[in-house]
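Participant: Below are the chains, spelled out letter by letter.
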Amino acid sequence: MSFQEDQFYIEQIKKGNQAAFASIVEKHKDMVFTICVKIVRKPEDAEELAQDVFMKVFDKIASFRGDARFSTWLYRIAYNAAISKTRKRRLEVEAIDDFTINNYSVDDVKENLETLDKEEQHALLKMIMEQLLEDDYIIIKLFYLKALSVVDISQITGLSEANVKVKLHRIRKKMYCQMHKQMQPSDKNYKNL
Amino acid sequence: MNKQNNIEDSFLQSLIKSDGLIKPSWDFTNKLMARLPIKNVEIEESSSLIGRNITLFIFILIGFINLLTIYLLWPYLSVWLPENSILLFIIDQANTLLHSYVTALFNRSATISLLLVIILGVTTIVGKDVINSWFYHSKHKAPIV
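Sequences listed follow chains A and B, in order.
Residue 63 is where the first sequence starts when you use our numbering, and the numbers rise one by one after that.
Residue 3 is where the second sequence starts when you use our numbering, and the numbers rise one by one after that.
Note that these hints are calculated values from the structure, not bench results.
Since we're looking at a predicted model, the values are computed, not measured.
Built from N, CA and C at the ideal position, the CB exists for glycine as well.
Keep in mind that a hint or two might mislead.
So the derived list for chain A, only partly shown, Cβ under 8 Å to chain B, looks like this [unchecked claim]:
#1 Q66
#2 Q69
#3 F70
#4 I72
#5 E73
#6 A84
#7 K91
#8 T96
#9 R103
#10 F116
#11 M117
#12 Q183
#13 S211
List time: in silico BS3-like cross-link candidates among lysine-lysine, alpha-carbon distance up to 25 Å [as the list claims (entries may be wrong)]:
#14 A:K208 <-> A:K100
#15 B:K130 <-> A:K100
#16 B:K19 <-> A:K76
Derived Cβ-Cβ restraints for the label pairs, each shown as a range [stated by the list, open to error]:
#17 A:A209 <-> B:K25: 15 to 21 Å
#18 A:G78 <-> B:L70: 47 to 53 Å
#19 B:T113 <-> A:K77: 20 to 26 Å
#20 B:R110 <-> A:K77: 22 to 28 Å
#21 A:K77 <-> B:I56: 27 to 33 Å
#22 B:N68 <-> A:A124: 50 to 56 Å
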């Protein structure tokens, strides 16, 4: 399904076109639900929370001035709502662990990964993603899947831009490290995927 | 190598894109749309008072011009129309058609009205019970002994 730019829908919603709101929900519901479910954990609670988030957006859309991207604004609301619901403390940036400076090369891991077929790669990634902390998962998805900038992610999560960069760097290294471990012949973990 | 270069990774990006996102239930949007408040439809008058007054004024004006044309101007204008012209023929035909239509309408109305008046009069004079008994006797005639 192809969508228009967010601004088009926003103008329509401001004019009272509720169908445009349905379109914008369709466009962003997966990311909003992912944010909610990763933090809240229970899918039922996450779905209810995601609905509340969209209701809040609908109520406040008249006040949306367009200073930031709509998606950034929406995901920030979703992230804050999920954090508030779980009363979870925002994550502070941790120092880069030792595993990020282990003696392995990212390029080597990539080369090894490319020897796997697509299904194996996908299964391995899924397993690694599930091991990530919820905030790390969200940041990774926002950056690599939704192609949001570091500035946008910083606005969503409330972390500084430098912290987001550090986190992204660290998570990426951590993921490759995990993949590297999984692909070790002695472990034979990936064969069991 | 700076941090920005360390986070750009097209290989990882393609992998993560293929992984997709977690999806909510299939009827998520429908459930949400059902929760939206239904907008109160503001009932507005089709036209403002000024608009209605102007419309009335225009109708009266057109009617007045028509009356002036028919009763004042037409007798003078019609003199100048050639006696066997096509325009006069069309006007005559239109007049005849309109006249016959209006007459038929009045006739029909008068006939129905007259029937109603007669029925009402008879019912009042004779009485409803007597009329009912006429119908009753016509339906249940006594057998000839």
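Participant: Taking the Cβ atom of A:K77 and the Cβ atom of B:I56, is their distance within the range 27 to 33 Å?
Facilitator: holds (30 Å)
Participant: Per the hint of 22 to 28 Å, is the separation of the Cβ atoms of B:R110 and A:K77 within bounds?
Facilitator: violated (54 Å)
Participant: Under 8 Å, Cβ to Cβ, is where A:Q66 needs to be relative to chain B, so tell me if that hint holds or is violated.
Facilitator: A:Q66 check fails; min Cβ-Cβ to chain B is 16 Å, beyond 8 Å.
Participant: Just to be careful: measuring from the Cβ of A:S211 to every Cβ in chain B, is the smallest value less than 8 Å?
Facilitator: violated (11 Å)
Participant: Regarding the hint that A:Q69 lies at the interface with chain B, is the smallest CB-CB distance below 8 Å?
Facilitator: violated (20 Å)
Participant: Quick check on the hint: A:M117 CB to chain B CB, less than 8 Å?
Facilitator: With a closest approach of 6 Å, the A:M117 hint holds.
Participant: CA of A:K208 to CA of A:K100, is that 25 Å or under?
Facilitator: Roughly 16 Å separates the two Cα atoms, so the pair holds.
Participant: Once the shortest beta carbon distance from A:E73 to chain B is found, is it less than 8 Å?
Facilitator: Violated, about 17 Å.
Participant: With a cut-off of 8 Å on the beta carbons, see whether A:Q183 makes it to chain B.
Facilitator: holds (6 Å)
Participant: When the nearest CB of chain B is found for A:T96, is that gap smaller than 8 Å?
Facilitator: holds (5 Å)
Participant: Would the hint on A:F70 stand, with a C-beta cut-off of 8 Å toward chain B?
Facilitator: This interface hint is violated because 18 Å lies over the 8 Å limit.
Participant: Range first: 15 to 21 Å. Now tell me if the beta carbons of A:A209 and B:K25 are that far apart.
Facilitator: holds (19 Å)
Checked against the numbered hints above, the structure violates hints 1, 2, 3, 4, 5, 9, 13, 15, 16, 19, 20; every other hint is satisfied.
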